[in-house]
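Go ahead and model the full structure; you've got the sequences and the hints to work with.
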Amino acid sequence: MQMFKAPRGTVDLLPQEQRYWRYAEQAAAGVCRRFGYQRLDTPTFEASGLFVRGVGEQTDIVQKEMYAFEDRGGDLVTLRPEGTAPACRAYLEHGMSSLPQPVRLYYFCPIFRYERPQAGRYREHHQFGVEAIGDGDPAIDAEVIQLGWSYARELGLGKLSLVVNSIGDPACRPGYLQALKEYYGAYLPHLCQDCRGRYERNPLRLLDCKQERCQPFIASAPRSSDYLCDACKEHWRRLLAYLDLLSIPYTTSHRLVRGLDYYTRTVFEIQPPDEGGQSTLLGGGRYDGLVQELGGPPTPGIGFGSGFERMVLNLKRQEVRVPEVLPRPVVIVHSGPQALEYGLGIAARLRKESLTVIVAPAQRSLRAQMRYASSVNARYAVVVGETEVRQRTGSVRDMDNASQEEAPEADLAAYLVAKVGLEQAG
RNA sequence: GUGGGCGUGGCCUAGUGGUUUAAGGCGCCAGGUUGUGGCCCUGGAGAUCGAGGGUUCAAAUCCCUCCGUCCACCCCA
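For the first sequence, numbering that gives the first Met the number 0 gives the first residue as 0, with consecutive numbering after it.
Don't take every hint at face value.
[What the hints assert, rightly or not] Cross-link-like lysine-lysine pairs, in silico, DSSO-like; alpha carbons within 30 Å at most:
| id | residue 1 | residue 2 |
| --- | --- | --- |
| 1 | Lys158 | Lys315 |
| 2 | Lys232 | Lys209 |
| 3 | Lys315 | Lys4 |
| 4 | Lys63 | Lys180 |
| 5 | Lys315 | Lys209 |
| 6 | Lys209 | Lys158 |
| 7 | Lys180 | Lys158 |
| 8 | Lys63 | Lys4 |
| 9 | Lys180 | Lys232 |
| 10 | Lys232 | Lys315 |
| 11 | Lys63 | Lys209 |
Since the hints were derived computationally from the structure, they do not count as laboratory data.
Here it is in structure tokens:
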């Protein structure tokens, strides 16, 4: 019999992992609530064309990473490889341009990209993302960045760095790209193999090369911020002023470029302290042409995506304290068939009071059941045997200090609720 | 897609050609008498040593292929 495994690049989120995810999710939802962002859920798959148009034909995502297939009706669909295009599609489809602008949205969703898995990178990963659509002012850029920064900080991660850059818009970027190519043209023979390809296909990426030999060229390459048109320059200047005003520590980097075609002007990332490839925890930027590209009216927008897997990785690395999701249970320990029946009734009543109750496995000795209670980290055990059944009582054992008290069946719930309440208060 | 490391019970590891009918630890199950846990003790279940092929009298151990996994690159969250 062949054994099945989770598909390559996917993982099972086991119970002991869950607390990290709930922790990050709750932080994200909380920040969004405070900033007035509303949740949007879009389908897990979309028409392939949405991504080809939105993300860009030349991007790696479209070229080689899409989970695309023809469905039984002959439609070409793709498992969502990113969150912004679907959000913009929904914005258009549901006439959100007639809502008060900007429309502030957030989402949690799985993202699919066919890539070779490695540390912090999966074929299915999960993103928390935010989009503010319908406002082109840099104040919104600052808001979205502030939201992302607050989220990352709230998780308790230390030593994060925020990097921002402006890559211009359709008015000024061509001029910059040309300057870049002219600059690099002279050094082509000295560049690494990858960079020679980038020179032709995507010059901006030249700035992102990690090869030792290419570093000197990057350092003295022309900077996008020096080639901005007046409008972009003003946008950039104001954004930085707002970030200063908000006391959000940032560094600017002309090396920060992002891989999706739709980005204009502002791009930003939040990175953890440690070096290494897959380190970006949160990344985004402005996409003023995207909605129009998808067939809508000219509509500015800005947003970011943040990968849960990487956040969790860093939470663990930095040993951030994360609360347990499941409270320590009350375990019903029973001896004999009558006691089991009696115990089941008690369990039901305790659960009505919202306590977490586990009935110890049947057909085991009392001793084994007590061991079981310990092994599941029970806070209290309610022991019921012949005596308790006869007297309609339960013996409540405090598993931490081995003290034990008997209480009438009718009072058990209230008794334990008081105990547990005390516990949680302390 | 390219390059490298690694694949021994659920988990971690020992064993690098014949004392191996593969060992230990954790975990799991049972027991340590009569109704009670955490420590300790005893016992048990659980591995065709990733798969296939080859070399050899003999392979977990050497070689090849494939698969998986991890890491790095490309790229990205």
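Subject >> 30 Å Cα cutoff - pair Lys209, Lys158 >> reply: Cα-Cα ~22 Å, so holds.
Original post:
Does the alpha-carbon distance linking Lys232 and Lys315 stay inside the 30 Å limit?
Top reply: It is violated: about 40 Å lies between the C-alpha atoms, which goes past 30 Å.
Original post:
For the pair supplied as a hint, Lys180 and Lys232, is the alpha-carbon distance within the 30 Å limit?
Top reply: OK: Lys180 and Lys232 at ~21 Å, within 30 Å.
Subject >> Pair hint outcome, Lys63 versus Lys180 [Cα-Cα no greater than 30 Å] >> reply: holds (25 Å)
Original post:
Is it true that the CA of Lys315 sits at most 30 Å from the CA of Lys4?
Top reply: Roughly 25 Å separates the two Cα atoms, so the pair holds.
Original post:
Does the structure keep Lys232 and Lys209 at a Cα separation of 30 Å or less?
Top reply: holds (28 Å)
Subject >> Hint consistency between Lys63 and Lys4 [alpha-carbon to alpha-carbon, up to 30 Å] >> reply: Holds, at about 24 Å.
Subject >> Restraint check for Lys63 with Lys209, where alpha carbons must lie at most 30 Å apart >> reply: holds (22 Å)
**OP:** With a cut-off of 30 Å on the C-alpha distance, tell me whether Lys315 and Lys209 pass.
**Re:** At roughly 26 Å apart (the allowed maximum being 30 Å), Lys209 and Lys315 satisfy the hint.
Original post:
Are the Cα atoms of Lys158 and Lys315 separated by 30 Å or less?
Top reply: holds (15 Å)
Original post:
Are Lys180 and Lys158 close enough, with their CA atoms no more than 30 Å apart?
Top reply: This hinted pair is violated, its Cα atoms lying about 35 Å apart.
This entry does not satisfy hints 7, 10, going by the numbered hints stated previously.
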